[in-house]
Amino acid sequence: MSTAGKETPSSIANRAELLPALKQELANNNSLSKTVLTSLADKTGLSLSEIYGVSTFYAYLPVVAAGKNIIRVCGCLPCDLKDAQGVIGSIKKELGIDPGQTTADARFSLEQVSCIGACDQAPAMMINDTLYGNLTPARIADILKSFK
Amino acid sequence: MAEKRIVLGNCGVIDPQNIETYLAKGGFKAFIKARDKMKPQGIVEEIKKSGLTGRGGAGFPCGLKWELARNTKSKTKYLICNADEGEVGQFKDKYLLSKDPFTLIEGMCIAGLAIGAQQAYIYLRAEYHSLYDHLCRAIAQAKDKGFLKYTDIRVFEGAGAYVCGEESALMNSIEGRRGESRYKPPYPPTSGLWDRPTIINNVETLMNVPHIINNGAAWFSVMGTKRSKGTKVFCVSGDVARPGVYELEMGSTLKELVVDLAGAAGIKAVQVGGSTGSIIPVRMINTPLSHETCLGSGAVVVLNSDRDIVDIVHNNMRFLHEESCGKCTPCREGTEVMLEILGRMVRGDGEAGDINKLEDLARTMAMASLCGLGQAAAVPVLDSLKYFRDEYSDLIDQSLFLRSYLGSELYKSEEAVI
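Protein sequence lines correspond, in order, to chains A and B. As numbered in our numbering, residues 1 to 148 make up the first sequence, in order. As numbered in our numbering, residues 149 to 566 make up the second sequence, in order.
Hint data in this document are derived by calculation from the structure and do not stem from the laboratory. Just so you know, even glycine gets a beta-carbon here, dropped at the ideal spot from N, CA and C.
Some chain A residues flagged as far from chain B (calculated, every beta-carbon gap over 12 Å):
1) Ser33
2) Ser39
3) Gly89
4) Gly96
5) Ile97
6) Asp105
7) Arg107
8) Pro137
9) Arg139
10) Phe147
As a list, the in silico DSSO-like pairs of lysine-lysine whose alpha-carbon atoms are at most 30 Å apart:
11) A:Lys34 <-> B:Lys475
12) B:Lys297 <-> B:Lys247
13) A:Lys23 <-> B:Lys475
14) B:Lys297 <-> B:Lys185
15) B:Lys152 <-> B:Lys374
16) B:Lys247 <-> A:Lys23
17) B:Lys196 <-> B:Lys247
18) B:Lys291 <-> A:Lys23
19) B:Lys181 <-> B:Lys196
20) A:Lys43 <-> B:Lys475
Which residues of chain A face chain B? A few of them, derived with a C-beta cut under 8 Å, are:
21) Arg15
22) Ala16
23) Glu17
24) Leu18
25) Gly53
26) Val54
27) Phe57
28) Tyr60
29) Cys76
30) Pro78
31) Leu81
32) Cys115
33) Ile116
34) Gly117
35) Cys119
36) Asp129
Using the sequences plus the hints, can you model the full thing?
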């Protein structure tokens, strides 16, 4: 599975630290902008295209700026059966954005995501790293308020 | 039949933050026995005799996998615990990791001894970030007690990709690459992480290991069916009164799980095994749960009589299409086209040849896809066509009617409004 012609022990080691490094950069910078990825390429000796290719593969390594708080609503079957669309509708109404968008004040981004492993508490969503389960459309306003 | 809690035995009993409570329950006895009284080959033999199979979905014999890695000559070998639990309807690993990380750590220590791995990883999915510190603390406690002298354990966090639960994609991810599946062979026990022999086992598989070493292979292999030994942890969700995690002996029926334990009523069908799982109609509710019939990873989603089957299959396909890694054509394009066809059907715009197209595609994807995602993506499509074909043909008939009634162009222009 070697990509480039010359694989050296240091490029292998640098690649092995790439995902943790991208996560660290994300924590420091809010998004993985071209500037961030370029400086990471300089530091690791990996090509910018490879680093960009890796970050865009993963859902949790956004290369475009996201809001301060990322709302991830699960849209998979068990949550869908329990009215995940109603929950998304309620968030849309509160924030005025569709999934895939960020509010004008950059406070929230909304995403409909793949299973987050909370099917016993469906419908469920995560805001940043906090899980909210057994949601109803009516509960959304209060939850979002706590992030204002 | 009541629950048989072996893997879940310590959940809710010990304090997952305190190794002393685990030791007080006999924790790490199996590891000490394996370390002091057994040879690595003997551990492998015991696991082989027990008939333990992989709990992640594929059901490969665990002992055989270990033997392959053990017999491959290499100074460096790796052990990976697959905790990238991305399957739809699956939350058992989260439950196990949060309630009892120590049995897993003990299982990994034993596996490390058996195959000769000095470095082990727990690949934890990004969605379970809240468990990261919890796991690191548990590992640190085991290290303080001297249990990690032979095999060190590191938690490696994923970054949000379902396909990384596939073993070769998972290894690419640890290596810092895009999480795409690899061509096989070589298989991981001969050439895996950084081309070294690697064993990848599911959380639940590894958690069975200390019990087998403590109680012996014979104790384990009397439970279950011919090819599926022991117990299985199931996650039940969907239209049930009591969703949650249940552990049953292999070979228990679907009815015992979803009706007796989870309290389902008015069932139409049950999807067993997640997004690529079989769809079982209610008339087959007495199907035993084992590798011989249907099992997958143990995700069970119950559908009541209000549910439209094509909607369900469409939702599955949306997920698989989103999560296909895109490396091989049959899966990348196949999920795309299937999503398009199913989407048209549920919007009332199905066409006469759609069912044949789905069946054709399903066969191609099953034969030609690189990994399990594409190979199994069509299972729910084929199952639902087998048991609920009427719902597909009804939708197509309705579509034909709608188009002729509204006029094709008018209908299309109004689609956005509908």
